[in-house]
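This is what each chain is made of:
2 protein chains.
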Amino acid sequence: MDSLPDLAAVEAMDEADPLRAFRSRFALPAGVIYLDGNSLGAASHEVFAEVRQAAMEEWGNGLIRSWNSAGWFHLPLELGDRVGRLIGAAEGQTVVTDSTSINIYKTLLAALAMRPGRNVIVAEGDSFPTDIYMAEGVLSTRPGITLRLEGRDAGTIEELIDDSVAVVLVNHVNYKSGELRDMAALTKRIQAAGALVIWDLCHSAGALPVDLDGADADFAVGCTYKYLNGGPGAPAFIYAAKRHHASIVQPLSGWWSHARPFAFEQSFDGDAGIKRFLCGTQPILSLRALKGALSIWDEVDMEALRRKSIALTDLFIRLVETKCGQYGVELETTRDSEKRGSQVSFIHSNAYEVMQALIERGVIGDFRAPSTLRFGFTPLYVSYHDVWRAVTVLEEILSSGSWKDARFAVRAAVT
Amino acid sequence: MDSLPDLAAVEAMDEADPLRAFRSRFALPAGVIYLDGNSLGAASHEVFAEVRQAAMEEWGNGLIRSWNSAGWFHLPLELGDRVGRLIGAAEGQTVVTDSTSINIYKTLLAALAMRPGRNVIVAEGDSFPTDIYMAEGVLSTRPGITLRLEGRDAGTIEELIDDSVAVVLVNHVNYKSGELRDMAALTKRIQAAGALVIWDLCHSAGALPVDLDGADADFAVGCTYKYLNGGPGAPAFIYAAKRHHASIVQPLSGWWSHARPFAFEQSFDGDAGIKRFLCGTQPILSLRALKGALSIWDEVDMEALRRKSIALTDLFIRLVETKCGQYGVELETTRDSEKRGSQVSFIHSNAYEVMQALIERGVIGDFRAPSTLRFGFTPLYVSYHDVWRAVTVLEEILSSGSWKDARFAVRAAVT
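So the protein sequences, as listed, match chains A and B. Start counting the first sequence at 1; every next residue gets the next number (full-length UniProt numbering). Start counting the second sequence at 1; every next residue gets the next number (full-length UniProt numbering).
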């Protein structure tokens, strides 16, 4: 292994970074090293301009006319295709709409309807919980369907799959550990058993190259407010492979999913394409913020992004282990860069207090119960120098024990 | 009946209008008379300030910290209570979340679960179609449940109710005709038959005083982008009477509806209150636009609003019938002001072309197939002089036949 980089070497990495120009597009506050773009991505100047245009010009002056003239009604499909480019989806297979939770519900029910006679949903016990909760919601209205959870029931995802399984809902990157699944291999394994797969891309869309079409995936869902930088609570997306479009039936059949929404017909007739996964009217200002964010993504080379992501996370792991290893931090994420997303988690027995101390010093990551320090590395606006500086601050906090101050133990109502 | 007001009399009505100061709060474009606030309400300066604050300060500078420090996570309940004041709901019974369509689905399933053994949903054939589509969506996953529609099946809503009916989904104000139902009487009738009622308030919230608690209503849903001026596609609301909270079960059980959302538990345990109707993460920028809009509503006397609404619509009807009656316009809305919302519809055999000609002249209403000219009167920013001027323009268009120009017959892709 190469010798540990010093500050000069780290600065040279920034000099050579082909993505470094993107940082100026973001409105980052002074004095902050932001390692939480995997929870809420940073705002960009493009976003502010889009929101101003949508609110003041289009809504303020255009009023109702802007549904036509500003293309508001077409945003779910337009933005869907732009997200599609980042997740390996050819046109017409992705829409931006509703929340990830709701989109999980739609895709689970669509998948169950396509596999009559099979009565099992498989998911992950260590998933972000809303995936499990939505599966339980499906169970509550579908007597006879059962849920198998990796990590609760015996066996891995692969071992839980048999010929009673209709659909597997699985995360591409785990929200806590950062573990990256092999999409192509697992999709193949699931489909070989006759089941369908729904990939949850919340922690991989915009974090690394995703190739849904290439993996022959069935469905995917994900959010746009993490690596895609669409803004707090920005609407989520759904992908469905074109081969399934004619078979999609889902019960959230609002007027935006009708084949002729403006004919105001008395009976439902679903759109023949991906719009079948829409439901009701969408929040335009939030969609327009996302449009601004995606205008940056249109310029990004995803392979270069992945190379920088791996370099950032590798550097962080090496520096933390070398400089802070003696203070009780232990790597939770895999050391194998091929098997992790764009985040790194460390375990520490007082992770909550340590994270509060970091945030007070301007290094923003997050805490996940019971003892995870989670750091996200967003290659568009995080520099190698940020990594260096973050580890320096972490080392100071751990070596001085300053995290033991009582004020860091006070928990906010919402974390 | 009084003699028909002349221009001087109309201007005197504006002088005496206790709500006239509100108009300056809105960012209305010059040269436009906006009679479509029942489709998309106008933008206000308060909204622009809120959106700027939320985007540039809270997201841009606060980043992830603003979920706590700016109270983002509490917006559904905070804004719900502020909408609640306008619809007669005491605190803790209303949340702002998702779309009206999705909220219909949640409340229908919650109501069905509360009436086991009853298997009929009653709704209206002439409802805005998404209400019917969502009921059909419920049917698609609930074999054995059937749908009765007033206007398709024989009988009025009242006649369709019997002891097999679990829930009645009914509009307070019809989106097309403007017909206003008697909420207290119909609620009583429905409950006497052992059923539950869901009021769709899309065209009455912010249009007139609504008294859900006073009517002893069970559930209500509605949108916030019409009379409430929350912005295009702003999130919708749900009301549930407190007495039902312990019984609410609905399958869109995302993490925001969990009793302890930040404990990240592996199994769902629903919130004991109105938050049980939340689901996933909400679009914060759109919610903050609504917050700005509601800051104006906090100052509005709903009784004064209703008086002006009736005066505006009465004046419009009288002027149109007197000045334009000879050109084939026929009143669709009831003449009885007690039985209509804040909108007036006229039938004309070439309604589409007439509306396009009006819009070109800066009088914005809307067209509803096949032959309705629909005009909304939003008392916060429509003046009596606007009414006068709109009718003058309509008279000019009809008397000259200028609407017959071929360009007015070209239909936009989305109307």
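Source of the hints: derived by calculation from the structure; they are not laboratory data. Think of the CB as a built atom: it goes at the ideal place given N, C-alpha and C, for glycine as much as any other residue. Treat the hints with caution; some may be incorrect.
[What the hints assert, rightly or not] Mimicking EDC-like on lysine to aspartate or glutamate, the simulated pairs with C-alpha atoms at most 20 Å apart in a straight line are:
hint : chain 1 : residue 1 : chain 2 : residue 2
1    : A       : Lys-176   : B       : Glu-265
2    : A       : Lys-188   : A       : Asp-163
3    : A       : Lys-323   : A       : Asp-301
4    : A       : Lys-242   : A       : Glu-78
5    : B       : Lys-176   : B       : Asp-126
6    : B       : Lys-176   : A       : Glu-265
[Claimed, not checked] DEER-style ranges, computed between Cβ atoms:
hint : chain 1 : residue 1 : chain 2 : residue 2 : range
7    : B       : Ala-369   : A       : Ala-21    : 48 to 58 Å
8    : B       : Pro-143   : A       : Leu-331   : 20 to 30 Å
9    : B       : Thr-146   : A       : Glu-299   : 27 to 37 Å
10   : B       : Val-300   : A       : Glu-299   : 29 to 39 Å
11   : B       : Pro-143   : A       : Gln-266   : 14 to 24 Å
12   : B       : Val-300   : A       : Gln-266   : 34 to 44 Å
13   : A       : Arg-85    : B       : Gly-117   : 47 to 57 Å
14   : B       : Glu-57    : A       : Arg-85    : 27 to 37 Å
15   : A       : Pro-143   : B       : Val-300   : 43 to 53 Å
Item to complete: Sort out whether Asp-126 of chain B lies within 20 Å of Lys-176 of chain B, counting only the CA atoms.
Response: 8 Å, holds
Item to complete: With 29 to 39 Å as the target window, see if Val-300 of chain B and Glu-299 of chain A comply at their CB atoms.
Response: 46 Å, violated
Discussion item. Just to be careful, I want the Cα atoms of Lys-323 of chain A and Asp-301 of chain A compared with a cutoff of 20 Å; is the pair within it?
Written reply: At roughly 33 Å apart (the allowed maximum being 20 Å), Asp-301 of chain A and Lys-323 of chain A break the hint.
Practice prompt. Using the Cβ atoms, figure out if Glu-57 of chain B sits within 27 to 37 Å of Arg-85 of chain A.
Written response: 31 Å, holds
Worksheet item: Between Thr-146 of chain B and Glu-299 of chain A, is the Cβ distance one that fits in 27 to 37 Å?
Response: Violated: the Cβ-Cβ distance is about 54 Å, outside 27 to 37 Å.
Worksheet item: Between Lys-176 of chain B and Glu-265 of chain A, does the CA-CA distance stay at or below 20 Å?
Response: 14 Å, holds
Worksheet item: Given the hinted pair Lys-242 of chain A and Glu-78 of chain A, is their alpha-carbon gap at most 20 Å?
Response: 17 Å, holds
Item to complete: Just tell me: holds or violated, for the beta carbon distance of Arg-85 of chain A and Gly-117 of chain B against 47 to 57 Å?
Response: Once the Cβ atoms are compared, 51 Å apart, the range 47 to 57 Å for Gly-117 of chain B and Arg-85 of chain A holds.
Discussion item. Holds or violated: Lys-176 of chain A and Glu-265 of chain B, Cα atoms, limit 20 Å.
Written reply: 14 Å, holds
Fill in: Status of the given 20 to 30 Å range, CB of Leu-331 of chain A versus CB of Pro-143 of chain B
51 Å, violated
Worksheet item: Using the C-beta atoms of Pro-143 of chain A and Val-300 of chain B, is the stated range 43 to 53 Å upheld?
Response: 48 Å, holds
Worksheet item: Taking only the CA atoms, is the gap from Lys-188 of chain A to Asp-163 of chain A under or equal to 20 Å?
Response: 14 Å, holds
In terms of the numbered hints stated before, the structure departs from hints 3, 8, 9 and 10, listed from lowest to highest.
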